[in-house]
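Each chain is listed here by its residues.
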Amino acid sequence: MRSRNIVLKKYEDLDVVCVVAREIIGLGDLNKLPELTSGLRSVDSVVSEEAAVAIRHLRLMGYKVNSVGQIKAMVESTKNADELLFNVHKETLIVSARSGTSVQVEEIRNAVLELPQRRSTEVRYADPSKPFWIPMKHNSTHRIELQGISEPFVQATHPELPRPAEGPITISTRDLLDAAREMDRMDIEGGHQPEKWMARLVKDAGLTPVICFKDHEFKDVSEITIDGLCNVLGLPGTGKTTLINLLVYLLKKRGYRTATFTTSVAVADQLRRMQSRYGVKSELMFGSSNSAKERHAANFGDFIAAENGDAGFGHTNESAILFATGCMLEGHVMADRYDQLPENNPPCRSISQGGKNAVRSKLTCPMIGICGRHESSRRLAAADAWFGHMSILEVKVPETMVAEKMTYAELVAQQMDVVFIDEADAAQKALDAKGSERIKLYGKDAEKYQKLVNEIGSKSSAGKINWKAAAEKRAHDAATGILRHLSVLDLFFRKLEERGCDRRFKKLVHDSILNTSTIMGSLYSCLEKQTSISKDRFYELGTELESGLRTVYFFDANKDRARVENRLHELCTAYSGTATNDLANAHVNSIANIFSDALELPDEDSVNRQLVTDHVAVLCHVISCLLHVETVLRALAFIGVKPDDNTIKSDLFTKDMLPFVAESVAGRLSGLRVEIERHEADRTITGVNIEYQSYVATPRLLPARLTRLSGSERGPHVVMLSATSYLPESKTYHLRRRPDYILSRVQAGESSQYKFSFASTTYRGSPVHVSGAGADREVNLRMIIREVFGDANKTFEFYKLKEGGVDRKIAIVVNSYDQVNMVLDEIQRCSPSLRKRAIGIVSSYKDTQKRESGYRTAQEASLLGRDHFDWDAIVFPAAAFGRGVNVVYPEGHELHGKALIGTMFFPIRPHPSAEDMTFLQGVVAVMSEEADQPISSVVDLETFIEKRRKLRHVAKSRISEILEMGGSPLKLGAAQDASSFAANILVELNQVMGRAIRGGVNANIVFLDAAWAPLTASGGFDTAESSILLRMAMIIEQHVAGTDPLTAHIIDNLYGNILAAIRSTKTIRTEKPKENEFE
Amino acid sequence: MLSFEEVFRSAAVGVVELFKQSERTGEPIKEIGNEPPEMRQARAIMSSRAAVNYAASKGENAEKHIDLTASLHETLSMFKKPACEWPGYYRELESDLAYYPLINSELLTPERIAYDQADVAGRMSDIEENAHYSRLMTAIDELSPVVGSALYTRARQFIVEGPVRRAREVRDFVFTNGEIGQVIEEAYKPVQQQYVSLDGKVRRCSCCGNLLLPVQLSDAEQFVCRYRDCRSHEKGVTPEVVGDPREVKVVDKSLLTFWVFPGLDEIELYQTLSKSKARVWSLYPNFDEVDIGDSAREVGIDVKSYARPGSLGASFAAITAKEGLLRYRRQIVAVPDRLVKGHPDYLLKAEREMVARRSKVVPGWNPEFMSFSQVLKEFEA
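As you go down the protein sequences, you meet chains A and S in turn.
With our numbering, you'll find the first sequence wraps up at 2525, consecutive numbering, no jumps.
With our numbering, you'll find the second sequence wraps up at 928, consecutive numbering, no jumps.
It is worth saying that the hints were derived from the structure and are not from the lab.
Take these hints with a grain of salt, some might be off.
[As the list claims (entries may be wrong)] Simulated crosslink set (DSS-like; lysine-lysine; CA at most 30 angstroms straight-line):
#1 A:K2240 x A:K2512
#2 A:K1727 x S:K628
#3 A:K2296 x S:K627
#4 S:K627 x S:K851
#5 A:K1975 x A:K1941
#6 A:K2393 x A:K1536
#7 A:K2282 x S:K736
#8 S:K748 x A:K2246
#9 A:K2282 x S:K748
#10 A:K1518 x A:K1981
Excised from the complex, chain A in its bound form:
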């Protein structure tokens, strides 16, 4: 959100870009520029310092130079080309300077090298002494007149503070002990439940809990030095949370301000309340949008209800006001209009004043400075410690809080001295998800998109004439345009199915992301043997068509564009304006004929010509859809609507955040994914689902970038803490930075042990699979549950593990909330009495899922120990409980602090759904991360650019490969991919199973799905290729026996007990792998 220097505003974007490319970097053409402006820090190693600065500033100011397409569009759209300082060839993008422009060039050069300023905020408050209007339902307004208030309550903005602390911060063990002692004393003096910090630090973590690895050996260290980015790996039970609490307190005492990011707002709030107890001014960061407010207020309501054991009537805690949603103006609405107030949509920034018919202007509510709804953001300014979830970083700071437009990431970078990121591996996964976006456009689950289209439509038809109305109309037209093309595609795919087609084309449609590159790649692979035309020519043709459609789409269709082949251009024009499908098909056929001729296919080769026609048809519709999608997203962003869960799913970082992280190494890859649903019995098509996917950026770089967000201004130190962030095969969870410190138990006792059993079920002689069973998944899951719990002689007691005379509980871990209900339903069928002793975890209570009917919400996880007499078995989805939430016996119980769950059943193997992009996001992110690393050897610019281009092709190919594999390890061809996949599951499994060994107890783990060891289930022998458990064991073994002592130490401590359990189980039959099988 930095604005362009006033000097730069005088010049065309193209001139500024040319100065950077030609005069500062030294490029002769603009084709290579996108390889350097992608935000990768490795570029700094091959360009001059000045060039690196100029490139960073181009990104910060929002110059669109991320792809050759964007640059060409810039060239195309530049008016008065004759008056430019540079001449840019439209085809080759070669840049030549016009004579006599050196003064202007120098002016641009100097301006580009200056750090661009942030845009200032301007808050216009409504005058409370005069009447004003607030929006009501159905586009109506309501007149409000405030009495007794003459001036607006202006919200105080964040004070200008000095830059974050310079130089390293050192904390000794002695400092930590002193802090623990002080906090314990405060507990006693304040009459609080003692947290026993000293005991936790000394007894649980060991007096010297910190070791570091330097010069190839481990060293006990008596101090931690925080300097820039720091990775602290805390082995299980070594007190990461204790350390965060002590550090936040200690740093506050030294005058530092800290921000701590956790896996959820609820966990952040727990930490916040804890620190408040010790006199640290602690506040919560979370989004102030209406949807965020609603979500957090609901979660808070659930928490208060769960904490107090009833609906929460009359209960509260000190966080309540932070989640408040009330509006001070609502009390002024006339009683008879009260029901017309839009729910949870107060007019904080949408007040109009100056007469009912005056031009509507958005004014800020004059009460905002004292309104309870904004209490949380007000308090933040004066707080020493901020707590929140990572997702807040991309949110814009309300303009009433700061004098400049910025995101929370920038505010944190500007004002905090140290940033803690708890569960850094989970944070990395969450950040990866923000590098790509997906929108369900058509078919199943696309109702929200359709609803959005209708909503925009209803707004745009309201007859308003202003920029917003125009943007809404654009969005609506484009959105309906998408539907038109998709309905044609739907029809096309159905017809294709009827008449049959080349299997390679079919594979493209079913497994790939559809865009110009993949479609032309498919056409080439189909015709490779029939034509002598090069692969490049295929891509050229596709690009030409895309360019033609893009030109026609964005610009005046009647204007002659010589760049596009005339005939193709005409057809594109006709195609774009075609109202009927028949006519569109006719144009597609004409375009296909041009393609066939260009590919030198003989007229009589009807088979291959049909293949070309099919490809061209898909290509035309896909390109058109993508263009429309871009328009919709741009228009929505312009209007101020961020597609979210309430409208359409899109997790992508906001455009304000993208300049701070690098582009994806795959470039800006976007396309459509098609899923064809079939009838179970006759396999006929029952539906076509189409989704937009786009891979854009590498947000996982953000923690490292925070230390110097804009490149030149100093930022905070960043400390990443986690337990499971070290497993090199895991593309999702492994942190690239090796641990600087390892928290390890010095006085380690005997560690907890797992006992693994594999017990699959057979039906008519065949093993029952749940994972990978497709439509039979539910039936098979029920069959397994029936097999285990249907035996009257085997109640829950039969499976319970004893600990000190206490029967610990059993857990059934599934993949989704739907499966929780299936399992409970099946247990009910087996035995109603068993069902009474089982509880299921739901996301929130519903009519049929209430506490009294045997359900608990995920928010109540930490309170499950309190009502442990009420249940024997718990059914929950693996991802339901946030990290750091312990399910343990309560204080006062003989097993206090030890895991409630002793036996864990896995009736289904964790398996990503077709929609889960985690694995793919991780793979792309790792490649981007590698490309971001500084280059140590001397490389010239040309070689660097060439390498980057090749890497982009490789990345795109990898994306296609993985999409084709459908994410299943059974389909994964390369051992490397299978190991990456298994490593992700291993991390997740370790987190889930870890709940059963909390407090140093042992646990029984039972794998029920045949998919865990399919060959054993069929009477054969499993290997690491067939069984994911054995592959996990192989990964662990390789590291433990490897030559890197750091890796061996960590992996052994983290996963040693899992390895021992897999190797000692007799229930999985193995045979010795052949030599070198997995290399």
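On the provided structure of chain A, position chain S as indicated by the hints.
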């Protein structure tokens, strides 16, 4: 701008509606999605009033002017205190209502005043206590007045004397009192988990009979009664193990509030009076026209446990709700000794307040304010 009484009344309506809803659905209380509009509107009115007060204070003591009513949970918590203690909302209060909390801070149920004010606002028709009462009366209507009155007394006494009972006891009562059994069965609910102690059992208070709340203090579990009078009882609370929570039932919250806790003093006085054979006393005679009365309608006694004598006197200034007492020749308002002892001139102040607030003289309406000891002495028990 609305008067304080109007604001208080809208808050009362909101509290009653929210409580009703949460009892009916059992769903967690949330600001968005399931907050009754009455409550939201009450908060909004209070919030806007807070802004005016803040403006009037010219920004002084900003910390006292935090807009707590923006949060539903904070608002409910605030309602546990009388309005005169609500921060930032009301500064000069002359109304009596300012000294009443809307929510009972121990039972976490709406106070009687909330229901009364909701009643004034015409929103009393379906509160839970009334629902139980009307169901009970529907069942009794089928019977003769004599039998019905006896059954009513028996049912109410059963609840007051045993708010926590084993499921078997409730079943036995249902079995032997078929006409009203169903209503009583509906009035008893399962025990909530928060009352289950670490050994898996529930305990009840030796004073009031209600469930005790287990709390973890240092390393031991202790039990607390939510009723303040029990906690301040001279002998202290003695936990009595009732048994497995699955076999225990507890009476509905609204009945706890309106029948059980006020009923403890009523039962105590009734039992002591009954020891004297000079007069035949009845508990809740003629369908609760008074708390204790004799069959000849010579003496009617209403037991009142108001902490403030002014409030007690004010409540008797208007007789509309006290018609039952008017049917007796001698009308006695009996106050437990513990209240009279702790407050000099309690009875005198109550009487003066009643006289001062009385707008007209009603023939035959002459309530006497007496302590329990005075009542017992008067009737030689």
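Structure-based check of each hint:
{"no.": "1", "hint": "A:K2240 x A:K2512", "verdict": "holds (22 angstroms)"}
{"no.": "2", "hint": "A:K1727 x S:K628", "verdict": "holds (27 angstroms)"}
{"no.": "3", "hint": "A:K2296 x S:K627", "verdict": "holds (28 angstroms)"}
{"no.": "4", "hint": "S:K627 x S:K851", "verdict": "holds (21 angstroms)"}
{"no.": "5", "hint": "A:K1975 x A:K1941", "verdict": "holds (27 angstroms)"}
{"no.": "6", "hint": "A:K2393 x A:K1536", "verdict": "holds (25 angstroms)"}
{"no.": "7", "hint": "A:K2282 x S:K736", "verdict": "holds (17 angstroms)"}
{"no.": "8", "hint": "S:K748 x A:K2246", "verdict": "holds (22 angstroms)"}
{"no.": "9", "hint": "A:K2282 x S:K748", "verdict": "holds (18 angstroms)"}
{"no.": "10", "hint": "A:K1518 x A:K1981", "verdict": "holds (22 angstroms)"}
Checked against the numbered hints given earlier, the structure satisfies every one of them.
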